[in-house]
Amino acid sequence: MEEARTSWPLKILVLLLFAFLLVPVLVVIPLSFSGENTLRFPPTSWSLRWYGAIFQNQRIMSGFRISATLATLVTILTLAITLPAAYVIVRLRTRGSEFLYNVFTAPLLLPTIVLGLAILIIFAPLGLLGTFTGIALGHLVLTVPYGIRVTATALAGLAVPVEEAAATLGARPLVVFTRITLPLIAPGLLSAAALSFLVSFDELVITLFLAGPRVSTLPFEMFRHLETRSDPLIAAIAVLMIALTLGAVMIVHRTVGLSKSFAGGR
Amino acid sequence: MAQADDMHTASGRFGLVAMLLAPIILVNSFVFLLPILNLFRISFNEALPGGGIGPGGTLENWYKLAEDSYYLEIMLRSVGMSLLVTLLALLCSYPIALYVHRAKGAWRTFLFVLVVSPLLTSAVVRTYGWIAMLADQGLINNALGLLGFSPLRLLYNQTGIVIGLTEILMPYMILALLAGFGRLDPRCEEAALTLGATPVQTFWRIIVPLTAPGIALGCLLCFVLCVSSFITPRILGGGRVFLLATEIYDQAIVTLNWPGAATLSILVLVIFGAALVVYTRAVNRLN
Amino acid sequence: MATAQSAAAGDGAFLSLRGLRKVYTDFVAVENLHLDVPKGELIALLGPSGCGKTTTLRMIAGLASATAGHVMVGGRDITSAPPYDRDMGVVFQSYALFPHMTVAKNIAFGLQMRKVPRAEIDRRVAEAISLVRLNGMEERRPRELSGGQQQRVALARALVIRPSILLFDEPLSNLDAKLRDEMRTEIRDIQQRLGITAVFVTHDQSEALAMCDKVAVLNAGRLEQFGSPIELYEHPANPFVASFVGRVNRLPGTAAGTTVKVGAHDVILPKPMTGAVEVMVRPHRIALGGPSDTAPGANRVTGTISQVAYAGDLVQYGIDVGGTRWFVEQQTTAARPPEVPGTPVSLSWRVEDTLAFPAQG
Chain X
1 MEEARTSWPL KILVLLLFAF LLVPVLVVIP LSFSGENTLR FPPTSWSLRW
51 YGAIFQNQRI MSGFRISATL ATLVTILTLA ITLPAAYVIV RLRTRGSEFL
101 YNVFTAPLLL PTIVLGLAIL IIFAPLGLLG TFTGIALGHL VLTVPYGIRV
151 TATALAGLAV PVEEAAATLG ARPLVVFTRI TLPLIAPGLL SAAALSFLVS
201 FDELVITLFL AGPRVSTLPF EMFRHLETRS DPLIAAIAVL MIALTLGAVM
251 IVHRTVGLSK SFAGGR
Chain Y
1001 MAQADDMHTA SGRFGLVAML LAPIILVNSF VFLLPILNLF RISFNEALPG
1051 GGIGPGGTLE NWYKLAEDSY YLEIMLRSVG MSLLVTLLAL LCSYPIALYV
1101 HRAKGAWRTF LFVLVVSPLL TSAVVRTYGW IAMLADQGLI NNALGLLGFS
1151 PLRLLYNQTG IVIGLTEILM PYMILALLAG FGRLDPRCEE AALTLGATPV
1201 QTFWRIIVPL TAPGIALGCL LCFVLCVSSF ITPRILGGGR VFLLATEIYD
1251 QAIVTLNWPG AATLSILVLV IFGAALVVYT RAVNRLN
Chain G
2001 MATAQSAAAG DGAFLSLRGL RKVYTDFVAV ENLHLDVPKG ELIALLGPSG
2051 CGKTTTLRMI AGLASATAGH VMVGGRDITS APPYDRDMGV VFQSYALFPH
2101 MTVAKNIAFG LQMRKVPRAE IDRRVAEAIS LVRLNGMEER RPRELSGGQQ
2151 QRVALARALV IRPSILLFDE PLSNLDAKLR DEMRTEIRDI QQRLGITAVF
2201 VTHDQSEALA MCDKVAVLNA GRLEQFGSPI ELYEHPANPF VASFVGRVNR
2251 LPGTAAGTTV KVGAHDVILP KPMTGAVEVM VRPHRIALGG PSDTAPGANR
2301 VTGTISQVAY AGDLVQYGID VGGTRWFVEQ QTTAARPPEV PGTPVSLSWR
2351 VEDTLAFPAQ G
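Residue numbers (our numbering), protein chains in the order written: chain X, 1 to 266; chain Y, 1001 to 1287; chain G, 2001 to 2361.
These aren't lab readings, by the way, just hints derived from the structure by calculation.
Where a beta carbon is used, it is the ideal one built from N, C-alpha and C, also for glycine.
Fair warning: there could be bad hints in the mix.
[Said to hold, decoys possible] Estimated spans, in silico, between C-beta atoms of each pair:
#1 Y/1196 with X/11: 21 to 31 angstroms
#2 X/186 with G/2189: 31 to 41 angstroms
#3 Y/1186 with X/37: 34 to 44 angstroms
#4 Y/1179 with G/2143: 26 to 36 angstroms
#5 Y/1063 with X/44: 50 to 60 angstroms
#6 Y/1186 with G/2307: 32 to 42 angstroms
#7 X/109 with G/2181: 31 to 41 angstroms
Starting from the given sequences, assemble the full structure and let the hints guide the process.
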């Protein structure tokens, strides 16, 4: 039926617009195999030298290690913080719980540049600038709202009578939680974890305010590199990051579905 | 466990509830509520040279903002550029959204993933992709050269930022449009066509008015994200295009004028508020 | 358990609700409810939606707390016991099966919670599965079962723990009509075979009448009548019960002794009343005849057929009797086609089939 309604000119236009949307990401892939010293597209020679260069760049390698550790820690903290909170918010449906939900997801409504500055000013006198702890706390301001959205969605999808049935069959509250609730929301928790990891791993603006000479993340190092020169090194890193992102996207999509994590109501 | 309809149990388990909420309240207060409230306070503090924060209760930062034409200039540039980007993003996103909305089954899912996937790609990576496209030796200029045209200066100026931001914000616009398209019943279009409307008339008289709420939401989202975007303008502008967000960063990190940066941040939030008011008015008029 | 049950034997009532009350922030869901359920009986809580029947069931199960009053089982007060200590089997409206467990694991869950030895669990689960005729489905997941099969799993899961009381929350409302009739008989059969005390919540009056020993009719949180299906149908306590359980013609009239003036007609009552009354006659208890037919010893009015709705087994007539619309239902037969609109007819019914209540302000 849509064949009849979608005319050829519109199809071609849509194709071009999709190209516009996707080319900047796709162009990075061939560029990463460039054999040249500077950025030139299309490249005139090909090689794997820029992938090798990643491993020789101490700053990038250290940034990667820190980002991976940071994202892992932030993910664990996010789950530990949001799961109990989501449980209270979803299971005690009162006027107060909606208010709490709004407060806890409010940081997503503010620009990261403002959040970063605000956190910088609070952290500076506490000696948290340029520390791993400081950056981790800064990332939580973004990952916790995402986490509460996804876990609350997962919990809301779990029918209350299922938990009640377990209780009437003799299961105590903790047993209900471990044997019924937890296994049933596991897919939601997994996608909350994937999303938190991705947000933390890719985060740059807040990190720009909080990172220092001793502790900096991979996106921070890439940004600094780009400010001075734009060679294909970043393309090679980008391809690896896209691969990582694809993995995470697959996990989220297979479990909860992307639309729910992004379009989740406020 | 705790039942939704059971006030007795809820109050009896107040301690448990408090314990479960304690971590999130702590984190939310420490990295969100407290910093934001403090930001408002700081904007009324005097800025001392070398990063100091002087006594409070002064409107000096606000006077400076009002008096110095430099700030007016960057504000107008930020807002003007954001309006342009929003318009371009709308024009580029609408056909895609319409097409995805009409697609069915697995094809639709696939298209949806395509639309969302750039969102999950790091902003640095996507901006870098645009450098590869726009640079003097980039895809566009090399293609132009091949066709015998003279190269264009696309990078490190506003043109590059506008092109890059348009593409980077498109997924948000498409998602908002798709959410608004929920109201678009294909039978309405069919009804219009059977009543003798041409496809073009159907588009302007039926499709656009029905999808107007989605358009409004997408424009709000795009504008707000654009006004506050930092990474893309910074990299594609090469530090030569001065906008609100870049100015906040420079004052905070380079000149260490935190009260000044805080004041500019509040200005950004005020622009957010104004955009929200315009949006609410527009939506009310639509209903 | 055993002691609790023997204590109940002398009492007559096994499950007792004593002045049960439930108040939510903005309304009273259940008001001062007294109910006694004898051991081994199946009773229905019947009423329109929002009447408090499900809230009552949830208070019995411990899923909602009572604002006031007591729930007693076998003489033991369990009002404040948590659901996991109540020993009740609940069959939920949505079945509430555990989607991540197989049929066998679902049924075994309650036994595991009771720390029943492994071998006995296996034996009792197998028993329960054959009781509800689900042999061969043990390793299926709930989503691989039909609605009727899920219903059986829910029943088996509630039965296998040998609960002191079985509670049903509108268990048949998600099934199609044919399956619903089948499950009615099956649930009733199993309940009687096991001699288990059960409470069945429903809004379907035919379900309540057909399945249950006794029916409690609830309306707006209050108990309207508690009695056997025959009592409810033939001797409703009030107009609400009369019109909720079965259909009735409701006609205003003025009574003096055993005679009521309904429009231009005199109607004889089985017992004397005075003043403004509401007379009720069930549509299928009315016989249609020719306009001049007489039926001795019966009430009789005349009118004109204005509407005919043929439904196969029944035909429903709308009849204009002196400006009032009456409904009459007749069995159909191939021997005689339904009457046509405009036909003058007489309506007659037995005096015993006449219900009357004082008119409500």
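A quick look at each hint next to the structure:
no. : hint                                   : result
1   : Y/1196 with X/11: 21 to 31 angstroms   : holds, 25 angstroms
2   : X/186 with G/2189: 31 to 41 angstroms  : holds, 40 angstroms
3   : Y/1186 with X/37: 34 to 44 angstroms   : violated, 55 angstroms
4   : Y/1179 with G/2143: 26 to 36 angstroms : holds, 29 angstroms
5   : Y/1063 with X/44: 50 to 60 angstroms   : holds, 56 angstroms
6   : Y/1186 with G/2307: 32 to 42 angstroms : holds, 40 angstroms
7   : X/109 with G/2181: 31 to 41 angstroms  : violated, 55 angstroms
Violated hints, listed in ascending order, are 3 and 7; each of the other numbered hints is respected by the structure.
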